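Novice: The primary structure of each chain is shown beneath.
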Amino acid sequence: MEKILQVKDLELSFHTFAGEVKAIRGVSFDLNKGETLAIVGESGSGKSVTTKSIMRLLPESSSEFKNGEILFNNHDLTKLTDKEMQKIRGKDISMIFQDPMTSLNPTMTIGKQIMEPILKHQKVSKAKAKEVAVELLKLVGLPNPEMRIKMYPHQFSGGQRQRIVIAIALACNPKILIADEPTTALDVTIQAQILELMKDIQKKVDTSIIFITHDLGVVANVADRVAVMYGGRIVEVGTVDEIFYNPQHPYTWGLLSSMPSMDLEEERLYAIPGTPPDLLNPPVGDAFALRSEYALQIDLEQAPPMFQVSKTHFAATWLLHPNAPEVEPPANIIERMKTFRGSRYYEETTGGEA
Amino acid sequence: MVKYIGKRLVYMFLTMFLIATATFFLMQTLPGSPIASYSKLNESQRAIVEKKYGIDKPKPVQYAIYMKNLAKGDLGTSFVFKGKSVNDLLSTRLKPSMVLGAQAMVFGTLIGILLGMLAALRQNTFWDYGSTFLAILGSSIPSFVFASLLQYWVASQWHLLPVGLWNDGWKSSILPSIALAMGPLAMAARFIRTEMIEVLSSDYITLAKAKGANGFEIAFKHAFRNALIPLITVLGPVTAGLVTGSLVIEQIFAIPGIGEQFVSSIMTNDHATIMGTTLLFSVFLIVVIFIVDILYGIIDPRIRLSGGKG
Numbered sequence: 001m002e003k004i005l006q007v008k009d010l011e012l013s014f015h016t017f018a019g020e021v022k023a024i025r026g027v028s029f030d031l032n033k034g035e036t037l038a039i040v041g042e043s044g045s046g047k048s049v050t051t052k053s054i055m056r057l058l059p060e061s062s063s064e065f066k067n068g069e070i071l072f073n074n075h076d077l078t079k080l081t082d083k084e085m086q087k088i089r090g091k092d093i094s095m096i097f098q099d100p101m102t103s104l105n106p107t108m109t110i111g112k113q114i115m116e117p118i119l120k121h122q123k124v125s126k127a128k129a130k131e132v133a134v135e136l137l138k139l140v141g142l143p144n145p146e147m148r149i150k151m152y153p154h155q156f157s158g159g160q161r162q163r164i165v166i167a168i169a170l171a172c173n174p175k176i177l178i179a180d181e182p183t184t185a186l187d188v189t190i191q192a193q194i195l196e197l198m199k200d201i202q203k204k205v206d207t208s209i210i211f212i213t214h215d216l217g218v219v220a221n222v223a224d225r226v227a228v229m230y231g232g233r234i235v236e237v238g239t240v241d242e243i244f245y246n247p248q249h250p251y252t253w254g255l256l257s258s259m260p261s262m263d264l265e266e267e268r269l270y271a272i273p274g275t276p277p278d279l280l281n282p283p284v285g286d287a288f289a290l291r292s293e294y295a296l297q298i299d300l301e302q303a304p305p306m307f308q309v310s311k312t313h314f315a316a317t318w319l320l321h322p323n324a325p326e327v328e329p330p331a332n333i334i335e336r337m338k339t340f341r342g343s344r345y346y347e348e349t350t351g352g353e354a
Numbered sequence: 001m002v003k004y005i006g007k008r009l010v011y012m013f014l015t016m017f018l019i020a021t022a023t024f025f026l027m028q029t030l031p032g033s034p035i036a037s038y039s040k041l042n043e044s045q046r047a048i049v050e051k052k053y054g055i056d057k058p059k060p061v062q063y064a065i066y067m068k069n070l071a072k073g074d075l076g077t078s079f080v081f082k083g084k085s086v087n088d089l090l091s092t093r094l095k096p097s098m099v100l101g102a103q104a105m106v107f108g109t110l111i112g113i114l115l116g117m118l119a120a121l122r123q124n125t126f127w128d129y130g131s132t133f134l135a136i137l138g139s140s141i142p143s144f145v146f147a148s149l150l151q152y153w154v155a156s157q158w159h160l161l162p163v164g165l166w167n168d169g170w171k172s173s174i175l176p177s178i179a180l181a182m183g184p185l186a187m188a189a190r191f192i193r194t195e196m197i198e199v200l201s202s203d204y205i206t207l208a209k210a211k212g213a214n215g216f217e218i219a220f221k222h223a224f225r226n227a228l229i230p231l232i233t234v235l236g237p238v239t240a241g242l243v244t245g246s247l248v249i250e251q252i253f254a255i256p257g258i259g260e261q262f263v264s265s266i267m268t269n270d271h272a273t274i275m276g277t278t279l280l281f282s283v284f285l286i287v288v289i290f291i292v293d294i295l296y297g298i299i300d301p302r303i304r305l306s307g308g309k310g
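Here the protein sequences line up with chains A and B, keeping their order. Letter 207 of the first sequence, counting from 1, is numbered 207 in the UniProt record's numbering, and no numbers are missing. Letter 6 of the second sequence, counting from 1, is numbered 6 in the UniProt record's numbering, and no numbers are missing.
Just chain B, with the same shape it has in the complex (with noise of 0.2 angstroms):
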């Protein structure tokens, strides 16, 4: 297992030198530079700033140094945000998007979780149908579209929770992490009715009942655990799918998180904080990936074994 995790570490590693390098490279093919706006200086004070933010030295130079710089942890200077290193732009944007991220994700997959488990135990009832309806509501319709409709009902109608921002504690976040948690709810909730069918109509299933045990115990002792298999297998790409919702639901409830320094900084053209952000988001996403795997282990014990000589 040690070997295991350590071997995942330095693939890890690797991943993010190559996403590193790719975005690095990429960004230089964007059209405008991040002085484009500076359009009123002369050609001499041009050179000035070039040579201020480093981009006048030839690209694989800059490579190098960003490169350089990285392995300490610097994430550079940001060109839009006079003098403020991209490090403190991001450390106080952090906090909103972790919170969010993780209230739509815990929210989003728990409530999918009991709504997919009570369409399979209640399967052809009303609350099969219920919550496959929500279900396909929460997949088919964008996040962008719901959280307009929580906007405009729950906050400008109702006057239940703040519309937007961030200064109002804990009851700013709940209408985006609801917004951002339809995606995972529905995905979760399909998944695990499907599963759930599946598993309750195999063998072993007829063995717990056949020793006696209730309804409730072949639900949750025996069933459970095992329709869980393949939503871990998805959760990876879930989250994939919370981080790019987190852009659009961010400027839409106007929150200071990643998500909309992200958009803002390629409209800018910030390259060290489009850098930045980017490296972020990709550290979040393999790290979480990697947690994944590890579960995955914990939760079947098939798995686990031939994971220490993979």
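Just chain A, with the same shape it has in the complex (with noise of 0.2 angstroms):
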């Protein structure tokens, strides 16, 4: 499978009042060609300042790259000058934001803004750029684009207008679409429409999609591999099935197990007990240990390295050392792995064998 983008050992921080914030701890990961990557992780897991900082769209006076590189297209896109990552963005990478309710200009009509980046990076008329335009509002879904293209954002919903956002990513037929956390700030119902569109519109122009979320039922939804982010690394990556039916680290088995589920008879909703790790002083092992109950001795000492599950599957968990003991994953997560060919547990009807 061709490799359209590689991060590599990538380091990242934040200099602030209170001192140096390392956001990103060495991540590295590969997005293959027409590959839906999702990335999940709470809150100020460094997900969304990855896929910032692929674009570099981090504010440059306060972010520094301490290490590691982004490679596209024989570039290394963090030592790129401002200018020539003005060519990259919008037509190779494009991006989808969170909050359709702010990210439009409100001064601007919609078509202005689409036909913006077909202006910038193709020499084409602005007849033609209009024609465009109106040819990815109805790739889009929205009815009357004609019309609609001389209209101003506040005169759209919320998921009309996280449509023209989509709508500008596509703009110049990007070969990676980041999408970051497009459809948090929507309601449930348009968030299944906009999901749909954007599985649709991946099988329609063949781009690579790097989706950040934290909602899991989007992931299984939408992403063909899944990254799993804590505390500003990569603690798990494989693919859909792999991460959601064989989990190794207990950080993704925490996620698995917060999520609401119909068929367990739990009443209570499982949270993660503790709170993110300080990225001022990060820890010195696996980010993890002080709120996983599974952790060593070694996760506090030592940050653990990528253990190879499978081809595509790999965990940075101690606990799938050779000497680490034999450690029982909580029983929803075994109820999932006994369904997954290859895991420890399946076939087996009962769990933990010797």
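Calculated directly from the structure, the hints in this document are not laboratory data. Keep in mind that this is a model prediction, so the values were computed, not measured. Be careful, since some hints might not be right.
What the hints assert, rightly or not - Interface residues of chain B toward chain A, partial, derived using beta-carbon atoms under 8 angstroms:
#: 1; residue: R122
#: 2; residue: D203
#: 3; residue: T206
#: 4; residue: R225
#: 5; residue: G297
#: 6; residue: I299
#: 7; residue: P301
No residue lacks a Cβ here, since even glycine has one placed at the ideal position from N, Cα and C.
Take the two lone chains and join them into the complex the hints point to.
Specialist: In structure tokens form, the structure reads like this:
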């Protein structure tokens, strides 16, 4: 499979009054052509920062790449000048933002806003750009695009505005589309429509998507692969089935357990205890150790490396080390694992083999 | 839109009527009378003068006569400049004031906007501190101090421009315009800086960046129009400030404008002229506020629509 984007050992810090906040602490992942990679994690885990750093949208004055590279088209994006980035933004890589109510310019017609990247990156006439804009609005399912193109953002609903933002992102047929929690600010019925639309569009335009979300339900719906982020690192990455049915990292267990489920009898929804780590003084070992009931002594002393589970599945937890004691995941996780071929609980009707 | 403008026009006339009425009766409470200086007159002579100007009649009758003439556009006769109508008196003085006001407004807001933009785009640099310093200076130094400083240095010491009066063409207008412009300049710089910084950190600016827009496009195509909105709001009050400022500035530079006339007519209890100037200032302000409201709708499409209903 062709790799379109490679992020290697990326480290990024913010300089604040309190000191250096190590927001990303060594993130590596690849994005394959045509796939949807979901990055999940709680607030402050670094998922948005990672993608914003790919587009170099973080304030240059307060953020700094400490290490690593972002390879795209044989260029290291961390090293490009702002001028060179301007040619990539909106053309090769584009972005959909979280809140459609604030991400459109209120004093500009939506037509102009959609035409802007087209006129900027492609040598076409205004009339042609307008045609493309109308086509895009049709593609994202906005009725009467010829008429709507002259309207202003406040004349549209939230869901419609997110469709317009998606149209802007698709304007130049980008190779990579970054969707930063595109459904979080929408109500549930609209969420489903927007997700359907994104899946639809991916089939039509064959772009790779990085989908950031904290909603695992959304992940199951759209993603091919999933990367779980915690405390500025990727703790587990695998195909969507591997993450949902054979999770290895205790944080992934926690995430999956805190998902409301129809078929469990438990009355209380599980919540991961504790609070996210302070990245001003990040913990020495596994950042999740302090909140994990499965933590080993070594978790507090040394950060775990990525252990390979399968060809596509990696997890950074000492539990996968050959010398680690056998640990039994929570009951609901075992239930999930039972259905996954290749998991250690598969075929066994009762958990906990020797 | 037409309905909205029509409605506003009706309100404007209503406002003018109320201002005229209030000024008329308030003026009666001023100490002294227009003919107080005619102290050498005896009883019968005084009666003749009072009859001539119509101030022997009861107040309500005077009011009715004044309003009737006003409806025809006649502002009456000055008590001080004998036989001269207030209309003539003001029309000859209108031009200097208009020139000063317009120049100060345009110069002040344009330079202010530029300074504010510069400060916001180069936040926390020399440019930012420099323009903020200028803005603070502009709003804290009274215009008459500034006017005197300009007169002393530019006119009196360096002999670059006339020190006062209105007999050297456009040159005469430069110093008073600058002195008058400091208020709007400071106001515009402060408003634009604050608003630009706010706008530049908004989501749609990030989206514009994500489209590949460069710094110039972001500042002028995307941010500027949105940052203008609050400035438009204060243009009304700024104009009011200009009018009051002109009273002082015209005195200092001895410019034969409306402001200077206003002050001297109050000094001499020239009722008809006080009425005339007050009404002129009011019309001016009301028209400016009306224009500001229309501008508002042009700049911000969100207001355009609701304006039609209101």
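Novice: Work down the list of hints and note, for each, if the structure agrees.
Specialist: Here is what the structure says about each hint:
no.: 1; hint: R122; in the structure: violated (12 angstroms)
no.: 2; hint: D203; in the structure: holds (4 angstroms)
no.: 3; hint: T206; in the structure: holds (6 angstroms)
no.: 4; hint: R225; in the structure: holds (5 angstroms)
no.: 5; hint: G297; in the structure: violated (12 angstroms)
no.: 6; hint: I299; in the structure: holds (7 angstroms)
no.: 7; hint: P301; in the structure: holds (4 angstroms)
Consistency with the previously given hints fails for numbers 1 and 5, ordered from lowest to highest.
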